[in-house]
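Peer 1: Here is what each chain is made of, one letter per residue.
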Amino acid sequence: GAVVSQHPSWVICKSGTSVKIECRSLDFQATTMFWYRQFPKQSLMLMATSNEGSKATYEQGVEKDKFLINHASLTLSTLTVTSAHPEDSSFYICSASRGSMNTEAFFGQGTRLTVV
Amino acid sequence: RKEVEQDPGPFNVPEGATVAFNCTYSNSASQSFFWYRQDCRKEPKLLMSVYSSGNEDGRFTAQLNRASQYISLLIRDSKLSDSATYLCVVKDDKIIFGKGTRLHILP
Chain Y
3 GAVVSQHPSW VICKSGTSVK IECRSLDFQA TTMFWYRQFP KQSLMLMATS NEGSKATYEQ
63 GVEKDKFLIN HASLTLSTLT VTSAHPEDSS FYICSASRGS MNTEAFFGQG TRLTVV
Chain G
856 RKEVEQDPGP FNVPEGATVA FNCTYSNSAS QSFFWYRQDC RKEPKLLMSV YSSGNEDGRF
916 TAQLNRASQY ISLLIRDSKL SDSATYLCVV KDDKIIFGKG TRLHILP
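Residue numbers (this note's numbering), protein chains in the order written: chain Y, 3 to 118; chain G, 856 to 962.
None of these hints come from the bench; they were simulated from the model.
Be aware that one or more of the hints could be misleading.
[What the hints assert, rightly or not] Simulated crosslink set (DSS-like; lysine-lysine; CA at most 27 angstroms straight-line):
(1) Y:K43 with G:K954
(2) G:K954 with Y:K66
(3) G:K857 with Y:K68
(4) Y:K43 with G:K857
Input sequences plus hints: build the corresponding full structure.
Peer 2: Structure follows, in structure tokens:
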């Protein structure tokens with residue numbers, strides 16, 4: 003099956019710094035990528051949808067200036083958590099889709115962010 | 856009404872039993888439906904797609920009811936390894952997950 007690589011798998015950073023998470027589709031072109039956040043014992047919450055070459059669409063309540071998403075190519079999307087705070091500590095997962103409505107989504111391994 | 860709703864459980868089921876989950880969705884125009892499985896601290900993995908005619912894969916059967924806007928997952932002869940959280944997924948221009956149903960298979 004298709005492979006999506008997410009990096010890093012875990013990161014610890016100081017409060018106030020920025021963290022960049024990369025999501026790459028390794029063997030297909032992902033016209034659409036999705037970013038999710040999952041707090042402990044909670045569900046996956048969609049943060050934003052990014053389409054290659056255009057601005058990301060953010061879900062209600064997600065600050066676009068805090069969570070910067072760039073989808074510059076068909077194989078790479080990045081999420082930058084700016085000025086991270088302890089409450090941003092979470093499990094972030096990306097998903098990539100070929101774009102067709104009837105195709106499954108492929109997931110990265112996830113990034114566990116801890117802000118201290 | 857939430858976009859995708861599931862009973863969070865947990866469902867505690869003895870090994871070998873049959874268990875069924877339902878999931879309702881609010882967007883009647885949704886076209887693609889999936890069941891994903893998520894183990895603790897791991898990424899979700901596709902279990903099966905859900906087709907209009909229903910589909911079966913081994914011990915797993917998925918059904919779609921468009922009129923009532925729900926999908927279901929049936930697991931027969933449950934195994935200990937089936938213990939996980941099962942996520943209902945509805946896809947149109949974005950992918951929306953249900954909160955998941957936790958299943959514990961008891962020995």
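Peer 1: Compare the structure with each hint and give your call.
Peer 2: Checked hints:
1. Y:K43 with G:K954: holds, 10 angstroms
2. G:K954 with Y:K66: Given that 27 angstroms is the threshold and the Cα spacing comes to 24 angstroms, the pair holds.
3. G:K857 with Y:K68: The given pair, whose Cα atoms are some 26 angstroms apart, holds under the 27 angstroms limit.
4. Y:K43 with G:K857: holds, 19 angstroms
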